[in-house]
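Listed below are the residues making up each chain.
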Amino acid sequence: MRRTALAVLATLGLLACGGPDPEPGLSLALNWKPEPEFGGLFEAERIGAFAARGLSVERTGGPGAPVVQMVTARQVSFGIASADEVVLARDRGSDIVAIFATYQTCPQGLMTHAARGLASLDALFAAGGTLAVEPGLPYVKFLEQRYGFGALQVVPYSYSIGPFLNDPLLTQQVFVTAEPIAARRAQADPQVFLVADSGYNPYTAVVITHGETLRSDTARVARFVAALREGWQGYLADPGPANALMGPLNPEMDAEAFRLAAAAQQPLIEAAGGAVGSMSAERWAELARQLKELGLVKQAQPADTYFTNPTSE
Amino acid sequence: MLRRALAQSAPPLVTFAAAVVLAELVIRALDVSPLILPRPSAVFAAATSEAGPLLSALGATARAVLAGLLLSSTLGVAAAVALASSPWLKRAFYPYAIFFQIVPIVAIAPLLVIWFGYGPRAVVAAAAVVSVFPVIANTLAGLLSVDPALADLFRLHGASRFATLWKLRLPWALPYLLTGLRIAAGLAVIGAIVGEFVGGGGLGVVVLGAMRQQRTDLVFAAIGYASLLGLALFGAVGLASRLALRHWHASETNR
Amino acid sequence: MGRGVAFALEGVHRSYRSESGGEVAALAGIDLAALESSFVALLGPSGCGKSTLLRLVAGLDRPERGVVRSGGARPAMVFQDAHLLPWRDVLANVELPLELLGQPAPARHARAEAAIAQVGLADAAHRYPAELSGGMRMRASLARALVTEPRLLLLDEPFAALDELTRMALDDELRRLWREAGLTVLFVTHSIAEAAYLAERVVVLSRRPAHVVLDHTLALPAERSAALRAEPAFARELGVLQEALRHGAALPC
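Chains as they are written, first to last, in our numbering: chain P, 1 to 313; chain E, 1 to 255; chain C, 1 to 253.
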């Protein structure tokens with residue numbers, strides 16, 4: 001009994017100390033498999049953008065990785081999350097900060113069958129059928145509050161388009177670079193509504209780090225962001241080489257799927273009149289306000305606590 | 001009798017209270033992030049402030065668990081009776097019953113949803129699949145261990161196969177069946193929640209949603225409610241066991 | 001008096017496959033018959049096949065060679081263990097044979113209560129076997145055997161596990177019940193004294209493969225009482241049986 005208590009205390013101690021200080025090498029936890037969403041990262045590795053700045057970045061994580069927890073506990077230097085996850089986590093007491101936003105326009109959406117002839121989300125939610133979404137997703141709550149789910153049967157989404165293909169009345173959540181492409185290639189007739197068009201538009205595929213890392217290692221974080229930006233600029237110009245690197249790491253997507261996804265995400269990444277990855281306080285303030293209205297956070301923190309745009313000289 | 005019930009439940013309650021207090025102090029002292037491990041006080045706060053939705057979700061899960069247990073115990077006993085009735089049947093089919101124990105429910109839950117559709121039916125199926133094997137295995141052991149002299153006695157008096165099954169073999173197997181049910185009850189809760197991860201409804205969806213929203217306090221609160229369900233089922237089987245066996249089986253007469 | 005034959009075995013052989021795979025002969029050529037209402041004791045060394053013989057008479061087993069003839073109506077059987085159903089009270093246990101025969105509840109309750117009273121267990125009718133002493137459980141087993149009013153009662157060392165005083169009391173009980181009901185009793189035992197005290201006739205078996213060593217009608221009075229055990233006549237009969245038993249145990253296979 002005593003030994004067990006000591007082991008528990010030791011584990012808690014490790015957690016509380018936040019793990020060992022980040023070593024000279026940096027680490028980044030992905031929240032999905034390698035795909036065009038992370039194209040800039042792979043391109044930066046490929047062209048040596050990190051090495052040129054004296055950085056070595058180890059990739060880790062994957063589908064289902066608890067990235068927010070890992071960064072909160074400083075088990076990794078950086079992670080990929082979405083902006084609403086950042087706001088929620090900070091509200092729960094975590095000190096994570098966003099430093100780079102891949103998607104200026106959120107790629108989340110709802111996909112239904114075009115044959116239903118639904119012109120808008122209003123029509124969709126009135127028409128009923130089954131809605132397959134991950135429970136608890138903030139944008140789902142947003143849509144529920146805005147449109148009402150009364151006419152629908154809401155079921156969990158299990159990351160397979162199988163149910164969509166088999167049920168003409170099923171609507172499911174999508175990442176526009178992924179499921180709609182797969183559905184079209186499976187001879188289905190997807191019609192996609194972007195959530196951003198309804199007014200909920202968090203930055204997505206955001207790089208996060210721990211506030212302490214930002215404060216104590218500011219220069220290195222800025223160099224990392226610069227390298228990543230360079231990678232994204234290269235990837236947007238030509239995604240081919242980085243796609244070829246990612247292909248073997250993600251056997252579920254073939255080269256064509258990579259090409260189509262990279263093309264689909266292009267307009268969502270490019271920032272009008274701003275550097276790739278940069279963020280604005282207005283957008284963060286709007287997001288925090290929306291999440292507070294949805295009852296998902298208790299307090300909206302000042303916008304500049306959620307993010308920063310690191311610049312290196 | 002009430003005094004005895006209190007005396008028996010006091011030690012585990014005291015242990016629980018002590019563990020909770022200790023955890024609270026340690027988590028506060030080490031300043032562990034609530035995203036990693038919530039304080040017991042936060043979990044209790046979530047359990048009470050969200051009691052409405054949690055109880056409603058608990059109700060849905062509980063209904064699925066009970067239906068699943070009903071299914072698995074009826075089918076399980078029937079299967080055990082069939083397997084016990086013929087050595088050939090047992091050799092031919094018992095190994096496949098083991099399939100129900102080893103198949104990971106996480107892997108077949110999506111299949112169940114495909115077959116039964118979203119909603120309670122798939123959840124009931126998941127609860128039944130994970131809980132059927134202990135019923136089969138234990139009941140079968142009971143049926144096969146009937147005292148041969150008693151079987152002789154029944155034969156001597158010209159009892160039909162059905163009479164022997166109903167009046168001798170099933171009562172003989174009852175203590176074994178109840179042991180199997182004790183195990184099946186907890187498994188059914190797990191099966192139902194995993195089924196809900198894919199099929200929707202109940203505490204499973206609450207857990208998924210809470211994790212997605214970084215509400216680890218709510219995750220633990222939901223787990224707490226699920227544990228209460230498991231405890232209640234365990235207690236119910238224990239009570240049934242006491243009532244059914246109190247006159248005659250060493251497990252209840254030895255107290 | 002013209003009494004019929006209660007059961008008869010003619011040239012009966014029975015063997016078993018042993019655990020090591022070989023054939024073990026339990027009974028080798030048994031000839032044995034008993035008239036109705038007689039009390040026959042079967043005496044022999046342990047493991048010689050007495051229980052096998054009893055099961056053949058009961059119809060629970062069939063001989064490989066030879067014929068087993070038994071009166072017609074089902075015999076009742078009492079084992080060394082009372083073998084009561086532990087989840088039923090005494091009354092429900094005793095009425096079990098009648099239940100299996102399909103008799104309606106009021107009739108079987110009445111007959112069961114009568115049988116319970118016959119063995120002196122009336123106060124314990126609603127107790128459970130776990131609450132009873134060994135002697136009481138054996139009485140309940142006897143009552144269950146008698147409830148169908150059988151013509152033939154088979155007992156397989158029923159009192160061997162009980163203490164001396166209880167055993168002597170139940171011996172007297174059994175004799176009384178035998179006299180009252182006029183049924184045929186075949187009583188297996190390895191106790192020479194018990195065989196001599198209870199029976200009219202004792203059949204001594206040799207060791208395996210068993211055959212009849214001695215078939216001896218006892219020269220003892222019809223009425224038996226505890227005092228008989230001290231009589232010289234009793235000791236003489238014991239000697240006869242002991243000699244036969246020793247002889248049978250020493251015989252080569």
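By construction, these hints were calculated from the structure, which means they are not laboratory data. Virtual Cβ for every residue (Gly too), placed ideally from N, Cα, C. Hints may contain errors.
As the list claims (entries may be wrong) - Partial pick of chain E residues on the chain C-facing surface, computed with a CB cut under 8 Å:
| id | residue |
| --- | --- |
| 1 | A7 |
| 2 | Q8 |
| 3 | E50 |
| 4 | L156 |
Claimed, not checked - Here are some chain E residues the structure puts well away from chain P; computed CB gaps all over 12 Å:
| id | residue |
| --- | --- |
| 5 | G117 |
| 6 | A141 |
| 7 | A210 |
| 8 | V237 |
| 9 | A240 |
Structure-based check of each hint:
no., hint, result
1, A7, "violated, 25 Å"
2, Q8, "violated, 22 Å"
3, E50, "violated, 46 Å"
4, L156, "holds, 6 Å"
5, G117, "violated, 9 Å"
6, A141, "holds, 34 Å"
7, A210, "violated, 6 Å"
8, V237, "holds, 28 Å"
9, A240, "holds, 33 Å"
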